[in-house]
Amino acid sequence: MTVNHLSAEQLRDKMNKGESLFILDVRNEGDYSDWKIEGKTIESLNIPYFEFLDDEDVADGRLPKDKEIVTVCAKGGSSRFVAEILDGKGFRATSLDGGMKAWSLVYNTVPVDEENQLKLYQINRMAKGCLSYMIFSRGEAAVVDPGRHIDFYMELAAREGAKITHILDSHLHADHISGGPALAEKTGSAYYITTSDLQGTPPFAYRPLEENKHIRFGDVEVEVLALQTPGHTPGSVSFFINKRFLLSGDTLFVGGLGRPDLGGKAREWAEMLYDTVFNQLNDLADDVLVLPAHFADLSEVNEKGIVGEGLGTIRRNNKAMQTTEKAAFTDMVAGAASTQTPPNYEAIIAINRGEKSVGEEEATELEIGPNRCAVHHHG
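Following this note's numbering, the numbering of the sequence shown begins with 526 at its first residue and continues without gaps.
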């Protein structure tokens, strides 16, 4: 019996077209609750694989007859088995090749701004909720917070007819492996990160953002201003582009603030975050578009498919940003940090500092799962 197969990229394309999709996830309940495929046109149901072993009719009354059913598991084997069962019953069943492992590697590009002198793209690693950016001007490109799949950025630059000249990390990431050093080495570009996040001399070349707060490339009107915005990490930086876009890293999200506890100093870093919110970011205009490095759920994706929001709206909706008394702010932010940490975050931090190296298979396994970098404080 042969069933249809769907690649992770094909699933992404269907989602981008707004197709209505029904996902049958056959992983165990805990894995599904923790991390699953989500989208505004997706209906999702979890029935673990082992239930089909016990009873092949277990899903019959819960599945639609009039739409395609995409079966999903961890790596693709169990979903094929279930798709074959459903196909034999007359359902339109398709198995996702490579399962959640393949889905975790998919990137999606969305234009944020396309002026004559500037193009800004948001690049969404959909399964992780990780966001990176590419800025193009006059045949040059800057990459902000790149993931480790550096060929994606090189191919996008080639399509735009541009040379990558600047690579910037807003902070030392804990939930995914940065592609910054490898992309810099491959392209001969300058790589920027704060020295304070590295805690030592790394085995790769970099330019300290503390000493390079103004970065110009391409057209003279394109300016990257590195604002020191500690709190999520002591060396966190946001990039202010042409006084219009704030690439905020994990300092400021559409629905919350960066969690301050991953270094084991929740209150100390929350106090840094207070100073960032009420001093460093206080003078920025309400109409500045905030573009973060992560998102937590679909409510943060706007009608254009962009994860971003005006700074004024974020200020009005975020209770912590309205809490001007420092002790109360610190208590709120430090107390709200999740007890769940990003999976394998200590190993990922070591890799991003250059203290540890891994192969492709281990890197994929380390990154499996959602990001957990935000603290939500909606009013």
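The set of hints was computed from the structure by calculation and includes no laboratory data.
Take the hints with a grain of salt, since some may be wrong.
[Unchecked claim] Okay, derived cross-link-like pairs now, PhoX-like style, lysine-lysine, Cα gap no bigger than 25 Å in a straight line:
hint, residue 1, residue 2
1, K768, K738
2, K614, K600
3, K614, K644
4, K738, K688
[Said to hold, decoys possible] Computed beta-carbon distance windows for the label pairs:
hint, residue 1, residue 2, range
5, R792, F729, 24 to 34 Å
6, K711, E880, 15 to 25 Å
7, N541, P589, 38 to 48 Å
8, N541, G602, 26 to 36 Å
Please read these numbers as outputs of a predicted model, since none were measured by experiment.
From the three backbone atoms N, C-alpha and C, an ideal C-beta is built for every residue, glycine too.
Okay, the hints, checked on the actual structure:
1. K768 - K738: holds (14 Å)
2. K614 - K600: Between K614 and K600 the Cα gap is close to 24 Å, so the pair holds against 25 Å.
3. K614 - K644: Cα-Cα ~50 Å, so violated.
4. K738 - K688: It holds: about 22 Å lies between the C-alpha atoms, which stays within 25 Å.
5. R792 - F729: 24 to 34 Å: Holds, since R792 and F729 (Cβ atoms, about 32 Å apart) stay within the stated range.
6. K711 - E880: 15 to 25 Å: The hint (15 to 25 Å, Cβ to Cβ) holds, given that K711 and E880 are roughly 21 Å apart.
7. N541 - P589: 38 to 48 Å: violated (22 Å)
8. N541 - G602: 26 to 36 Å: Roughly 27 Å apart at Cβ, these two residues keep to the hinted range, so it holds.
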